[in-house]
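Please put together the full structure from these sequences, using the hints given.
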Amino acid sequence: MIKTALKGSAFTIYSVLAGLLLGLPLFVIFFSFFSWDTAIWQHLAATVLPKYISNSLMLAFGVGFGATILGTCLAWLIVNYNFYGRRLIQWMVLLPLAMPAYIIAYTYTGLLDFAGPLQTFIRGTFDLGAQDYWFPEVRSLSGAIILMSLVLYPYVYILARTAFSEQSQKYREVSELAGVSPLKHFFKVALPLARPAIMTGAALAMMEALADFGTVEYFGVSTFTTGIYRTWFGMGDIKAASQLSGFLCLFVFILIMVEKMSRRDSQNYSSRQGKSAQAKQVNGINGILIFVLCSLPVAFGFIIPFVQLATWALSFSDLSNLADYPEYAMNSAMLASIGAIVVVAMALLFSYAKRLHPSKTVSGFIQLVSLGYALPGTVIAIGVLVPLGWLDIKLNVMTNVWFDFQPGLVFSGTVFALIFAYAIRFMSVALNNTEAGIQRIKPSMDEASKVLGDSPTQRLLRIHIPLLKASLLSATLLVFVDILKELPATLVLRPFNFNTLAVKAFELASDERLIDAALPSITIVLVGILPVIILTKTLDGIERKYA
1 MIKTALKGSA FTIYSVLAGL LLGLPLFVIF FSFFSWDTAI WQHLAATVLP KYISNSLMLA
61 FGVGFGATIL GTCLAWLIVN YNFYGRRLIQ WMVLLPLAMP AYIIAYTYTG LLDFAGPLQT
121 FIRGTFDLGA QDYWFPEVRS LSGAIILMSL VLYPYVYILA RTAFSEQSQK YREVSELAGV
181 SPLKHFFKVA LPLARPAIMT GAALAMMEAL ADFGTVEYFG VSTFTTGIYR TWFGMGDIKA
241 ASQLSGFLCL FVFILIMVEK MSRRDSQNYS SRQGKSAQAK QVNGINGILI FVLCSLPVAF
301 GFIIPFVQLA TWALSFSDLS NLADYPEYAM NSAMLASIGA IVVVAMALLF SYAKRLHPSK
361 TVSGFIQLVS LGYALPGTVI AIGVLVPLGW LDIKLNVMTN VWFDFQPGLV FSGTVFALIF
421 AYAIRFMSVA LNNTEAGIQR IKPSMDEASK VLGDSPTQRL LRIHIPLLKA SLLSATLLVF
481 VDILKELPAT LVLRPFNFNT LAVKAFELAS DERLIDAALP SITIVLVGIL PVIILTKTLD
541 GIERKYA
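Going by full-length UniProt numbering, the first residue of the sequence shown is number 1, and it counts up by one from there.
Source of the hints: derived by calculation from the structure; they are not laboratory data. Just so it is clear, the structure is predicted and the values come from calculations on it, not from any experiment. A couple of the hints might just be wrong.
Said to hold, decoys possible - In the DSS-like style, the derived pairs of lysine-lysine whose C-alpha atoms are separated by at most 30 Å in a straight line are:
| # | residue 1 | residue 2 |
| --- | --- | --- |
| 1 | Lys442 | Lys469 |
| 2 | Lys260 | Lys394 |
| 3 | Lys360 | Lys450 |
| 4 | Lys188 | Lys280 |
| 5 | Lys51 | Lys188 |
| 6 | Lys188 | Lys239 |
| 7 | Lys170 | Lys260 |
| 8 | Lys188 | Lys170 |
| 9 | Lys469 | Lys537 |
| 10 | Lys280 | Lys537 |
| 11 | Lys260 | Lys537 |
| 12 | Lys360 | Lys469 |
| 13 | Lys450 | Lys260 |
| 14 | Lys469 | Lys170 |
| 15 | Lys51 | Lys184 |
| 16 | Lys184 | Lys239 |
| 17 | Lys537 | Lys442 |
Below, the structure is given as structure tokens:
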């Protein structure tokens with residue numbers, strides 16, 4: 001297959017070579033199983049491995065269940081009922097996407113802990129002592145499941161809303177003629193038709209839960225991601241960390257298969273037949289009730305933590321940290337800008353290669369590089385460290401022999417490692433935008449340019465890039481924000497004494513300095529609102545298309 005690709009154009013060759021490069025961490029993790037250390041694995045199996053497995057599975061399925069319930073119910077109410085404040089709610093229900101799970105974890109810990117305002121109010125109002133009442137522990141597995149469900153339900157909501165919007169009015173009319181109640185119509189007709197889309201959203205939410213590091217580390221919940229981090233930094237055993245990463249990848253790949261099968265079922269059993277169902281007008285107390293129900297996930301998933309962060313940020317306690325804030329912001333902006341430009345440029349070349357040569361080779365490598373978004377940041381970091389560390393060792397040995405000089409960690413100890421990891425992690429985000437944009441360009445434009453004697457490179461520069469400005473800008477913004485929020489890969493791979501907003505917020509929160517962590521946290525949240533605005537407009541466009 002590769003030999004055939006190498007006979008093609010430069011863009012096809014690029015797709016093969018870049019695909020192999022970005023797939024390198026996966027290959028590293030896979031081949032780590034061939035250097036099995038029985039003693040270490042016996043120790044892990046006897047101590048922490050069962051806990052990693054059970055907690056990771058409970059976290060994934062718990063978040064999947066919670067996100068499915070919230071996302072599906074919200075999508076059904078918003079699509080099928082026209083109530084007061086519906087336009088506002090349509091935008092607001094996506095706001096939790098701007099709130100990273102680790103930030104909402106810090107915020108609710110400050111709100112609900114023993115010394116927090118809620119428990120302090122309860123003790124003061126009812127004159128209770130510490131042992132006189134029971135209060136749920138937020139820093140627990142169940143707390144992590146609830147909080148992550150609050151910020152990940154939009155994954156299910158987006159796909160469920162699209163699926164419900166595309167369902168034909170005929171289905172509702174038949175149900176009404178048959179005397180079927182709206183509730184029974186939902187469970188017997190609408191829900192089965194939307195099931196593939198809902199399962200896809202649930203699988204995405206579960207993948208995000210498995211990939212989470214900041215929340216579970218802060219809550220002290222032992223999962224695979226925290227185990228990988230501790231095995232590498234605590235035990236100094238990168239082989240065992242790689243093999244733990246491999247086990248986590250098995251869970252992720254199962255979820256990817258579920259997601260792929262759900263998408264295939266969604267295509268095979270499309271419910272688009274004629275005009276989509278129109279929203280029913282609901283007034284009075286019922287309309288108010290629907291508005292309140294739809295507002296609750298937004299309130300708990302965004303408004304309450306955002307207000308608390310803003311309050312803390314305005315009462316900043318340590319002004320010495322404020323002096324370093326511009327440095328952290330500049331580091332974050334620099335990394336996110338460079339990473340976004342590199343990732344989007346690579347994605348554009350991948351998409352253009354597929355446009356020129358839609359072969360199985362090119363498509364296969366594009367699918368390979370798209371897997372990175374499903375992999376946890378800690379896994380990618382380990383997969384990047386191993387080859388780059390080996391490369392640094394060889395480079396230092398060579399330069400020492402030839403020039404009596406050692407340059408140090410040129411690859412694994414610089415920003416290069418971070419950009420490499422970001423390219424692997426977020427290539428899928430950029431590809432979704434560039435491929436969608438290129439598909440909207442008519443093939444006749446390529447043919448006309450070809451007749452005029454333009455080379456593939458000239459066609460890309462003169463036709464595709466000018467027409468793709470909106471898609472490229474959207475992709476750049478989405479990748480920029482994702483890099484800004486990324487914690488585990490940045491935490492592991494950052495150069496010495498190099499901090500970003502996400503890393504500093506994590507460090508301050510880990511030291512229980514929640515007020516000091518508020519300013520970098522709220523900055524990340526505010527920037528994260530921009531993709532939410534883009535997503536809202538996209539969903540509105542889809543609804544108008546099938547109205």
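Handout entry: Hints that the structure is at odds with (numbers, increasing)
Key = Hints 2, 5, 6, 13, 14, 15 and 16 not satisfied by this model.
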